[in-house]
Each structure stands twice: as C-alpha cells, then as structure tokens.
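Undergrad: Given only the sequences and the hints, what does the whole structure look like? Please build it.
Going by the numbering used here, 260 is the number at position 124 of the sequence shown; the sequence numbering is gapless.
Be a bit skeptical, because a hint or two may be false.
[As the list claims (entries may be wrong)] Pairs of lysine-lysine residues, derived as DSS-like cross-links and limited to a Cα-Cα distance of at most 27 angstroms, are as follows:
{"#": "1", "residue 1": "Lys211", "residue 2": "Lys187"}
{"#": "2", "residue 1": "Lys211", "residue 2": "Lys357"}
{"#": "3", "residue 1": "Lys219", "residue 2": "Lys187"}
{"#": "4", "residue 1": "Lys184", "residue 2": "Lys199"}
{"#": "5", "residue 1": "Lys199", "residue 2": "Lys187"}
{"#": "6", "residue 1": "Lys211", "residue 2": "Lys342"}
{"#": "7", "residue 1": "Lys315", "residue 2": "Lys357"}
{"#": "8", "residue 1": "Lys211", "residue 2": "Lys199"}
Source of the hints: derived by calculation from the structure; they are not laboratory data.
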Amino acid sequence: MTNNKEQSLRLRWISLRLVERFGNVLYPIDIAVLLRELPKIGYIVPRKVLKGILEPGESLAVKGNLELLINQDNKTLGLQGDKTLEVIDGFSELRSFWLERLNPSPCADTHYIELGGEGMTTSLKNPIEVFAKFWAQCEAIRQLSKTLGFDVVNFGLHLVPPNVDPNRTEWFDLRIDPKVISSSNQYYVNIIWRDSNLETALKHFKEVDDIVATLIKRVEKE
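TA: This is the structure we're talking about:
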C-alpha cells in the first residue's frame with residue numbers, strides 16, 4: 137500500500153514543450169549554423185537535415201529524449217520531451233549555447249517563454265466521484281442544476297487568471313479532468329504557462345509537477 141501511495145499522483149507527461157518566442161521582426165538565429173553546431177553539445181542531426189532536406193514528421197535534431205523545436209513563422213525555438221527537469225535543463229543549455237556561440241542578432245528579444253504539455257496521473261480515488269463531490273458544494277453549480285432541472289457538475293478543473301486576456305504574455309491555463317478512457321482512476325492534465333520573464337518562468341515551470349499533484353490532493357480532500 138505504501139508503494140501505491142508513493143506512485144499515486146506522479147505526473148507522467150505524454151508531451152512537454154518549452155519554447156522561447158522572439159519579439160523580433162525577423163528570426164534572430166541562423167538555423168543552418170545552429171544545426172551544424174548542435175552536435176558539439178550532444179545532439180544528433182540527420183545528414184539530410186544538414187543538407188536542407190526536411191521530411192514531414194522527421195526531427196531536426198535530438199538529444200536523448202529531447203527533440204529540437206524550431207518554427208520560423210512563429211519565431212520560436214525550444215525543446216520537447218517527457219520529463220520536466222530534463223526539458224528545462226536542456227532548454228537552458230540550448231539557450232546558453234546559441235547565445236554564446238552563434239552571434240545572434242544584437243536585437244534578439246524574448247517576447248515570452250511558454251511551457252505547454254499534456255499528461256496523466258493515476259490516483260487511488262475515482263476522479264469522477266472526486267469532482268462530483270467537490271462541485272456539489274458550490275452554490276453556483278446548484279443554481280445551474282435548478283435551471284436545467286437535473287443535477288450537473290463541472291467535469292474536472294479548469295484554472296486561468298481572472299479578468300486576463302489569453303493573448304497576454306503572462307498567461308496560465310491548467311485543465312485537470314477525469315481521463316475519459318480510464319476515468320475510474322486517472323486524471324488527464326493539460327497546461328499552457330507563459331511568462332515574459334525568463335528567470336521567473338523557469339523557476340515556476342520547475343514546480344509544475346508538484347503544483348498539479350497538490351491541486352489534485354486538495355480537490356480529493358474536500
């Protein structure tokens with residue numbers, strides 16, 4: 137039982153992306169040079185990618201479980217993986233590398249840093265029953281039930297900052313729902329977290345797994 141409790145609510149990311157969006161008019165980094173230089177810090181870059189041959193679905197460069205993400209249209213650069221600290225450490229290493237070695241545009245400007253991902257976590261409790269009990273205490277939900285003529289609850293938790301436009305560089309959007317296919321014991325997690333301050337962003341992002349687990353524990357406790 138102790139082992140089950142330790143495993144409970146451990147977040148497993150299906151996909152976790154961390155990117156920097158530049159505020160420049162033009163992309164501030166020479167991508168061809170970046171791809172040629174990345175093997176110096178352990179990345180594997182396919183030869184055909186170095187020759188400019190890009191095929192749909194193929195990775196530009198990988199390092200272990202990390203995949204390089206580049207979108208010149210959106211002016212973003214970052215990494216994708218499945219472990220929070222691994223993605224953040226890899227992102228920091230990549231950023232230091234291109235800043236120090238590639239002579240980016242002097243006008244290179246960070247518009248925002250964004251963490252986005254989807255994952256799941258297993259609980260010893262039934263998520264559907266947990267949320268039904270949690271929202272049953274909400275008077276607003278009870279009034280909505282009266283309007284409809286039958287009982288309703290929110291199917292999960294959806295948290296955003298109050299009175300904030302989602303287009304702002306500071307934004308947080310977290311969804312925790314019963315996982316539809318395995319709703320008896322699993323939660324589905326989806327997050328978008330943006331910040332224009334690099335240091336603040338990375339500090340918060342490192343805590344995301346614990347934040348999600350704490351929120352679920354709080355809901356289950358009610």
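Undergrad: Report the numbers of all earlier hints that the structure fails to satisfy, in ascending order.
TA: The structure breaks hints 2 and 3; every other hint is satisfied.
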